Each structure stands twice: as structure tokens, then as C-alpha cells.
Amino acid sequence: MAIPPTYLRRLVGLFLLTKALFLLVACISGLYIFPYVNNTDLLLLDASGTADAFARKLLAPFARWDGVYFLKIAADGYQFEHQHAFFPLFPLTIRAFAEALRPLVCFSLLTRCMMAGIIMANLSHFLTVLNIFRYASDLFVCPHR
Amino acid sequence: MPVTFLCVPIADLPRLTAMLSGGEGSFAYVSAVFALVGPAFPFQSAIYAESLFGLLASTGLLAYYNQQVLLAALCWCLSSLTRSNGMLLAGFFVHDILCSLIQRKGQFVSAPFTSSLDYEIINWP
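Sequence order for the protein chains is A and B. If you're matching positions, the first sequence starts at 4 in this note's numbering and goes up one per residue. If you're matching positions, the second sequence starts at 2 in this note's numbering and goes up one per residue.
Just chain A, same shape as in the assembly (with noise of 0.2 Å):
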């Protein structure tokens, strides 16, 4: 069933006020708040100018925990025994879209992996709201069918 205008107008405003309040929240802390985990600081080591090495600074808080394997994995291919942990298809398509990205030059492919990364958890996630709409509307209208 496809999205009335009127709802698909305050999902996405509702979805872009809450991910840019996150993001600016989170970047900010980024910059300025000493992490509890520092795991992330592998990321910052080998960084390829200063814009790369800021923009790492600035994605590291959303590469916290487990972000830091699915990311090396996506770079790097899996390597040691404990990445099997993490299951491939989020890294393969994080790699694939860094590939995409290719034309920043600027940025190292672990950069553009944080981007890419970032960029593919909100958008699935818009697309799961989007999905839950369309299948409480197919529910409301035709339950139990």
C-alpha cells in the first residue's frame, strides 16, 4: 500500500529532527567528552591528512563498541578468529557503498567506511519505518486475512 503524502511528510520530518538532534549531540560529545571505551582510538591512528583525521574524530562516536569490528571487517576482511562474531552482509554492503564514495579523494577507504556506514544505518532505518507504515496499514485495513 503505498504512503498518503500527508503521513509520509511527518515521518520524514519527524526522521530528519530526530537523526540531525543525535548527530549533532553525538558529534559534539565526540569532540569533547573522553569516550568509556576506547577502542575507537584504533580508528584515529592512521589517519591520511588532517581532514581525514578530523572527520574520523568526528564519526568515531557512532564507531563505539561493536561499529569498531564491523568496520575493520568491512576494511580489512575478517582477520582474526573473534570477527567471526560478526556476520558479513553489514560489512559487505558498508564496503560496497565506501567503494561508491571512492571519488572523495581526500578521504581513506576506513574513512569513507565510517561514512558509508552511518549513511547505510539511517537509511535502512527510514526504510523500516516506512515498512512498519505500510504493514500496520495492510494489518488495520485487512487483519487476520
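Be aware that one or more of the hints could be misleading.
Said to hold, decoys possible - So the derived list for chain A, only partly shown, Cβ under 7 Å to chain B, looks like this:
id, residue
1, Asp-69
2, His-87
3, Ala-124
Claimed, not checked - Chain A is nowhere near these chain B residues, computed Cβ spacing over 10 Å in every case:
id, residue
4, Pro-40
5, Phe-54
6, Leu-71
7, Gly-92
8, Ser-101
9, Gln-104
10, Arg-105
To be verified - Reference listing, derived: stretches of chain B covered by chain A, where coverage requires no fewer than 3 residues with Cβ under 8 Å from a Cβ of chain A:
id, region
11, 41-50
12, 56-70
13, 73-86
Because the hints were derived from the structure by calculation, they are not lab data. All of these numbers come straight from a predicted model, not from anything done at the bench. Where is the CB? At the ideal position from N, CA and C, for every residue including glycine.
Knowing the structure of chain A, use the given hints to seat chain B on it.
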């Protein structure tokens, strides 16, 4: 941090509640809002597999409800490649198979979800 961002929909809750009885679209809208802003919001914004998993699982659910069984199977197969939880989605198939088996024994069982698998079995060449 999630509390900060929950404030936005919470401020909107009275209006959302009023809309619940408003019509079919508003029910779906409230469902979508809860799917958008929930406890998992930070995970669905960061570099985690939850979002992709949610997309594949919900696409499969939608396809299954519309009796597109193969598409649902494909989506849930891909969701299993994203997170191990995806394997549990096979439970929808198992549920429908069990329902159809019990129905054939002459017992009354309502199939609360969909009888798409039963449909496929009946129409098997």
C-alpha cells in the same frame, strides 16, 4: 542520551494518542513513530547491523503478509546473514506449516497471521 531524544515523541504523545482512534492511517503512523524513536534509536543511528537487519526483517514480513513467500524467504535469508536473530524468522514458516497440518486433521485452529504457505502447498503442481 536516548532520554534526550525520546523527549520529542513524548511531547507529541497526547496528539498521537488522540490520533489512535482517528482512522487507519493514524494507527499506522503511530506504529511508524514508535518504530522510529524507541530505545534502540542510538543503535539504529550508529554503525551497527540493527538497522539493516530491521529493514530486511520488515520487508520480509510485509512480503509474507502479502503472500509473496519466496521474496519473504529471500529477505529473511539475507537478514540471517546480517544478524543471527534472523534465523528465528523461520518461525513464521514453521507456524503456518503447523497450523495447516492441524487444520487438515479436522481441528479448528485460527491462523492469526497468514496462510500463505498453505496456499503454496495446495497450489503445488
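Hint-by-hint comparison with the structure:
A hinted interface residue such as Asp-69 of chain A counts as satisfied when its beta carbon comes closer than 7 Å to some beta carbon of chain B; here the least separation is about 6 Å, so the hint holds. Among the interface hints, the one on His-87 of chain A is violated; its C-beta lies about 11 Å from the nearest C-beta in chain B, farther than the 7 Å criterion. Contact between Ala-124 of chain A and chain B, as hinted, is supported at the beta carbon level, the nearest pair being about 4 Å apart and thus within 7 Å. Against chain A, the non-interface label of Pro-40 of chain B holds: every CB pair exceeds 10 Å, the least being about 13 Å.
Not every beta carbon of chain A lies more than 10 Å from that of Phe-54 of chain B, the smallest distance being close to 8 Å; the non-interface claim is violated. No Cβ of chain A approaches the Cβ of Leu-71 of chain B within 10 Å, the least distance being about 18 Å, so the stated non-interface status holds. Its beta-carbon lying about 17 Å from the closest one in chain A, Gly-92 of chain B satisfies the requirement of being farther than 10 Å from that chain. The beta carbon of Ser-101 of chain B sits about 15 Å from the closest Cβ of chain A, which is more than 10 Å, so the claim that it is off the interface holds.
Listed as a non-interface residue, Gln-104 of chain B keeps its Cβ farther than 10 Å from every Cβ of chain A; the least gap is roughly 15 Å. The claim that Arg-105 of chain B is not at the interface with chain A holds, since no C-beta of that chain comes within 10 Å of its own (minimum 20 Å). Only residues whose C-beta sits within less than 8 Å of a C-beta in chain A count toward coverage, and the region 41-50 of chain B has 8 of them, enough to reach three; the restraint holds. Check result for the region 56-70 of chain B against chain A: holds, 7 residues qualifying (beta carbon to beta carbon below 8 Å, three or more required).
By the rule of at least three residues with a Cβ nearer than 8 Å to a Cβ of chain A, the coverage given for the region 73-86 of chain B holds, with 6 such residues.
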